[in-house]
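Novice: Here is what each chain is made of, one letter per residue.
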Amino acid sequence: MASFFMVKVGSESRSLIVIDKLVKKYEYTIAVNGLSLEVKEGELFGLLGPNGAGKTTTINVLCGLLKPTSGSVSVGGYDVTKESFKIKELIGVCPQDTAVYSYLTGRENVELFGNLHTMPKDKIKKNSDELLNKLGLLEDANRRAGRYSGGIRRRLNIAMALVQDPKIVFLDEPTVGMDVQSRHAVWDFLRELKKRRKTIILTTHYMEEAEELCDRVGIIDHGKLIALGSPKQLKDDFRAKNLEEVFINLTGRSIRSE
Amino acid sequence: MNSEVNFQRIIALAKKDIKRIVREPSVLFMIILFPIVLMVAFAMAFGTVGGTQSVTYQIGIVNLNLEGNHQQWSNYFIGNLTNIKILKIQEYQNSETAQSDLMQGKIQAVLVIPENFGQSCSSYWAEANPSLWTNTTLQLYLDSGSMFATQAIPPIIQEALITTISGTQRIPLQIPINIASPSMVASNKFTTFDYMAPGIFTFALIFLIMTISQSFTAERQQGLLRRINITPITSKEIMTSQVLANMIIALIQAILLLAMSLIVGYRPVGNLASFALAFAILIIFSLCCVGFGLITAVVSKSPEVATGISFIFIIPLMFLGTFVTSGLSTIAQAAGKFVPSYYVTDALTSLFLRGAPITSPTILFDTLVVLLYSIIVLMLGIILFKKFGRRG
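Going down the list, the sequences are from chains G and E. Position one of the first sequence corresponds to residue 1 (the numbering used here), numbered consecutively onward. Position one of the second sequence corresponds to residue 1001 (the numbering used here), numbered consecutively onward.
Everything labelled a hint here was simulated from the structure, so no lab data went into it. It is possible that some hints are incorrect.
What the hints assert, rightly or not - A few chain E residues that face chain G, going by a derived Cβ cut-off under 10 Å, partial list only:
| no. | residue |
| --- | --- |
| 1 | 1011 |
| 2 | 1019 |
| 3 | 1024 |
| 4 | 1027 |
| 5 | 1223 |
| 6 | 1233 |
| 7 | 1237 |
Stated by the list, open to error - Dumping the calculated DSSO-like pairs for lysine-lysine here, alpha-carbon to alpha-carbon at most 30 Å:
| no. | chain 1 | residue 1 | chain 2 | residue 2 |
| --- | --- | --- | --- | --- |
| 8 | G | 40 | G | 25 |
| 9 | G | 67 | E | 1386 |
| 10 | G | 241 | G | 224 |
| 11 | E | 1387 | G | 86 |
| 12 | G | 86 | E | 1015 |
| 13 | G | 123 | E | 1019 |
| 14 | E | 1387 | G | 67 |
| 15 | E | 1236 | G | 82 |
| 16 | E | 1015 | G | 125 |
| 17 | G | 126 | E | 1019 |
| 18 | E | 1301 | E | 1387 |
| 19 | G | 121 | E | 1015 |
| 20 | E | 1015 | G | 126 |
| 21 | E | 1386 | G | 86 |
Predicted, not measured: the structure shown is a model, and the values here were computed from it. Positions of the beta carbon are idealized from the N, C-alpha and C atoms, including for glycine.
Start from the sequences, fold in the hints, and give me the full structure.
Specialist: Structure below.
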């Protein structure tokens, strides 16, 4: 099924992410089961699915945190099993769970990650200021992150992933738990990233988010890719009003009922 | 895998860890404030701060009047001194040993009874004419550091001397025996706190085990370790930053503790080299604590569990190797030789209390043991943490 959908992927730019028959097994479960897809340079790709579908496991394999059980995965032309160090220089990852140092200020959190990517000091300062401003964090930048509200922490979570201006960005449920206003601010920010030709994989279970932002989406369920294409294309193919209906048509259940 | 070590990353992480110590009240208390409070409390309880002077004076007697027919006079004299309640008499075979104890503050005075003491006393009773008496002089050495001793002891001895010669019934105008002007001797007087202070320095560092294990488990639980692992940082850099941060913390802690101990009256002997070596030993020992902290973090799932498990290491290190040791059984004291904190405290005690030079075999041996122990524990901690501890 996956290879059928892959035919529909545009071929005008090179694939920066190539996943081929990826399987990731845990002791008692198969989290990802034969996933194959490609993401083109500059594409904003949505990985959709209910909780436990295998989205986060796929992201963890892509950024070298987990080793595939079988199959091959390359990011930026590097094999995740052999060249994960090279991949880490290319990617920025915003984890699903907010991971910020509560005793550091927002600015210090962002700058720390700039230093971990060995950026020059002036570049760290410039990028931090820019990100904090764009994500509406400038006012709170010098307060300790431990005192932030949940929404501000999530925006900081994104800023920390992007300070090094990565070529490839993995955003794992970046807007979960955000209020509508914050979510729209993040959407605007992601659109801007896309304009700058960043290659982005966005996992979400908000179908409207995927429809709004993504060039293409892959819907996965129980570790398998069950649909792949642009939101419009999928809606047309399944004669659905939105992606939520696409998912219901495919699985017989709502994505949020999981 | 990149094998290069990048100092920008190491310094950034080390700064982050130092900020944690400074900004998290519980950690700041455990690492800096608690040891300082302990130092002050112990100084007040066992040192000279707020203490009172003893009303008993330990006097060392060197009796040279041991031969001939008149030796009973010196026995009477010593007996009279012994009967005075505020004096504790300790007899010495020779003047050198007695003066050595005086210098160490074990006694407050040394009285030397001359060979012709008995003959002099006998002449007092045998001849009415003072010009026919055998004159002699008692040598008295006093601890110049004890104001009370210098004021009180000479008249007490004078009174005992008069009682010995003339009895309690009459007070003679003149006797053939003088007490020479007391020689003032500067002693090294040690309080209980002086013996405890080196152990307190060691004790303070031991709690790094708890804060390090809490830090790692909290970062792992919050997904921060995982997040850092997605950056190009290497395990070597993460561990180096930990070691660097904790070495700096150990140094700051030692400086603050030393400053506070000096304020509360601690007067360690030793020179600049002694202090430098003491700080170096403490910094080396901090590596051992990092190792124990990592091992604790490996087996702990949360900071709360890490707090509890860290006491598996803290308790023996504390009880067998710091200031607590002195009250333990001989078996427990012997067991102390298996914990590194024992050697840290022993080295610090040798440097600060005994005034041992930094090249003395004891100090070198202690330093070597601490160094080897620290390397082994740190390496073990790093290996275990790399293998089992980084998983989120």
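Novice: Each hint needs a verdict: does it hold in this structure or not?
Specialist: Each hint tested on the structure:
Among the interface hints, the one on residue 1011 of chain E holds; its C-beta lies about 8 Å from the nearest C-beta in chain G, closer than the 10 Å criterion. With a cut of 10 Å, the hint placing residue 1019 of chain E at the interface with chain G holds, because the nearest CB-to-CB distance is about 6 Å. Because the closest C-beta pair between residue 1024 of chain E and chain G is about 5 Å apart, less than 10 Å, the hint holds. Interface hint at residue 1027 of chain E: satisfied, since its Cβ lies 9 Å from the closest Cβ of chain G, which is below the 10 Å cut-off.
Given hint, residue 1223 of chain E at the interface with chain G, holds; its Cβ is 4 Å from that chain's nearest Cβ, closer than 10 Å. Hint on residue 1233 of chain E holds. Least Cβ distance to chain G is approximately 5 Å, under the 10 Å limit. Below 10 Å, beta-carbon pairs count as interface contacts, and residue 1237 of chain E has one with chain G at about 9 Å; its hint therefore holds. Of the pairs offered as hints, the one joining residue 40 of chain G and residue 25 of chain G holds, with about 27 Å between alpha carbons and a cut-off of 30 Å not exceeded.
Pair hint residue 67 of chain G plus residue 1386 of chain E holds up; C-alpha atoms about 16 Å apart against a cutoff of 30 Å. A hinted pair counts as satisfied when its Cα atoms are at most 30 Å apart, and residue 241 of chain G with residue 224 of chain G qualifies at roughly 23 Å. Pair hint residue 1387 of chain E plus residue 86 of chain G holds up; C-alpha atoms about 22 Å apart against a cutoff of 30 Å. In summary, the hint linking residue 86 of chain G to residue 1015 of chain E is supported, as the alpha carbons are separated by about 26 Å, within the 30 Å threshold.
For a cut-off of 30 Å, the pair hint linking residue 123 of chain G to residue 1019 of chain E stands: about 23 Å separates their Cα positions. At most 30 Å may separate the alpha-carbon atoms for a hinted pair to count; residue 1387 of chain E and residue 67 of chain G meet this at roughly 15 Å. Using a Cα cut-off of 30 Å, the hinted pair residue 1236 of chain E and residue 82 of chain G holds, with the two alpha carbons roughly 19 Å apart. This hinted pair checks out: residue 1015 of chain E and residue 125 of chain G have alpha carbons roughly 17 Å apart, not beyond 30 Å.
Taking the CA atoms of residue 126 of chain G and residue 1019 of chain E, the gap is near 23 Å; set against the 30 Å cutoff, the hint holds. With a CA separation close to 15 Å, the supplied pair residue 1301 of chain E and residue 1387 of chain E stays within the 30 Å bound. A C-alpha spacing of about 15 Å is found between residue 121 of chain G and residue 1015 of chain E, which places the hinted pair at or below 30 Å, so the restraint holds. Annotation: proposed proximity of residue 1015 of chain E to residue 126 of chain G holds, straight-line Cα distance about 21 Å (limit 30 Å).
Between residue 1386 of chain E and residue 86 of chain G, the direct Cα distance comes to roughly 20 Å. Compliance with the 30 Å bound is thereby established for this hinted pair.
Against the hints set out earlier in the document, no violation occurs for any number.
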